[in-house]
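Asker: Heads up: the sequence lines are chains A and B, in that order.
Using this note's numbering, read the first sequence as starting at 1 and increasing by one per residue.
Using this note's numbering, read the second sequence as starting at 1 and increasing by one per residue.
It is possible that part of the hints are untrue.
[Said to hold, decoys possible] To give an idea of the chain A side of the interface with chain B (calculated C-beta under 10 Å), a few residues:
| hint | residue |
| --- | --- |
| 1 | Arg25 |
| 2 | Gly27 |
| 3 | Ile28 |
| 4 | Val55 |
| 5 | Ala61 |
| 6 | Ile65 |
| 7 | Leu80 |
[To be verified] Stretch by stretch, here's where chain B covers chain A in the computed footprint (C-beta under 8 Å, at least three residues):
| hint | region |
| --- | --- |
| 8 | 2-16 |
| 9 | 30-37 |
| 10 | 41-52 |
| 11 | 66-78 |
To be clear, the hints were calculated from the coordinates, so they are not data collected in a lab.
Using N, Cα and C, we set each Cβ at its ideal position, and we do this for glycine too.
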Amino acid sequence: MILNQFLLLSAVLFCVGVYGVLARRNGIMVLMSVELILNSVNINLVAFGAFRDHVAGEVFALFVIAVAAAEVGIGLAIVLLIYRNRRSIDLTEADLLKG
Amino acid sequence: MNLLAAAADDGDLFVAQNVFFAVIALVMIVSAIRCVTTRNVVHAALWLVLVLAGTAAQFILLGSEFVAVTQVLVYIGAIIVLFLFGIMLTRASMGDDESVAGEKRLMAGLVAVLLAVVMGVALLDSYSDTRLVIEAPQRFSAVSDAIFSQYIVAFEAVSVLLLAALIGAIVVARKE
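So that you can see chain B by itself, here it is in the shape it has in the complex:
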């Protein structure tokens, strides 16, 4: 209830943001649950699109336009297409996914609920009503400055990693 009270007395300025957050978060959670429970693998990929788009919307709410744009380009534009190609090429699973064993599903649900409870209690305990005030969106130039000065080594490492992954994927998937 702490959470609701803190969210409520943010002032008029943030009401719209909170409403948008709630709507998008609801859509994301429902889509995520549908994504991991639906039988049809293609439908799961489409539900995943909704989750990823919702994440991009949350990034915009957080004032990080650059990450939101990258999210749409890389995830929805590239990774989902990759998934759909994977589903197409392994067409054995095009239709219904074989049903999951009941016991396995039960244990997985138990683990997930336990994890949610532990993380939820820890978060409510440590950040019970910490305010998040976003005065201005992060500037593109600040992000690029940081990437190309402070984090240049990590950036180069990621470039090499992507190249290695590209070559590795070709080598692994190539027909003999």
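This is chain A alone, in the form it adopts within the complex:
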């Protein structure tokens, strides 16, 4: 195996996630795309950890997983709040703070 195959895979997944964040209007879909992005970061971290034969990559991947769990919890709570107030989770309609 070479290092690049993992790095390129994670780059592709990252870009798919970026597309999802930019193109989708459903709040839950945007959160799922953020999960895709965080996952690709994890692949990168573990691949470099294996490459350097160092445990830091795995440790930080575990931290990223924990932070992702926290992020999904808060994000879904916010989406629920938006739904309760507006009966819709279309993010293009949530423009109260728009100047």
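The hints should help you fit chain B onto chain A, whose structure is shown.
Answerer: Chain B alone, transformed into the frame defined by chain A:
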């Protein structure tokens, strides 16, 4: 082509690994694209499961069993369930997601392709055929030793962060 040549002359030992990598990577990329393009939000969550499971398989290929197990437990076990609950509670979107504006989709696709090209060129330039030799899987004990000695401060900070996120989510989502 550099990439293919380097992957090919790894020797017999790594052929199986490369085949597994290719199959899993293909499944992951197709699922990821289906996940961000499908209309049905529940289907998107199920496609996301495939991507996450593929990631766990890649972690095993990289010799990181502990991260792979954590990935299955936390992502597929907990986060997907959370997503499905979110979809259920905001049942307005249970069926089809409203169609995305064409222009927005075009711009997003353009940004994603540009980003992919930039990152791909940078990666091919800097790590064109760097070998990745995994002699032995990382030991669980090495990971836990590192977490509880060198990274103990970060670990405690993550614990407090998770607690804060838990309380915050309850406070935000609670009915008045």
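Asker: State for each hint whether it applies.
Answerer: Consistency of the hints with the structure:
Hint on arginine 25 of chain A holds. Least Cβ distance to chain B is approximately 6 Å, under the 10 Å limit. Restraint check, glycine 27 of chain A versus chain B: the minimum CB separation of about 8 Å is within 10 Å; hint holds. Here the hint on isoleucine 28 of chain A is kept, as its CB sits about 5 Å from the closest CB of chain B, short of 10 Å. Nearest Cβ of chain B to the Cβ of valine 55 of chain A: about 4 Å, under the 10 Å cut. The hint holds.
Satisfaction of the interface hint for alanine 61 of chain A is found here, the shortest Cβ-Cβ separation to chain B being roughly 5 Å, below the 10 Å cut-off. A cut of 10 Å between beta carbons decides the hint on isoleucine 65 of chain A: the least distance to chain B is about 5 Å, and the hint holds. Annotation: interface hint on leucine 80 of chain A holds; nearest CB of chain B at approximately 5 Å, less than 10 Å. Proximity of the region 2-16 of chain A to chain B, defined as three or more residues with a beta carbon under 8 Å from a beta carbon of that chain, is established by the 14 residues found.
With 5 residues having a Cβ less than 8 Å from any Cβ of chain B, the region 30-37 of chain A passes the three-residue criterion, so the hint holds. Interface restraint, the region 41-52 of chain A with chain B: holds (7 residues with C-beta to C-beta distance below 8 Å; minimum three). For the region 66-78 of chain A, the assignment as covered by chain B holds, since 12 residues bring a beta-carbon within under 8 Å of that chain's beta-carbons and 3 suffice.
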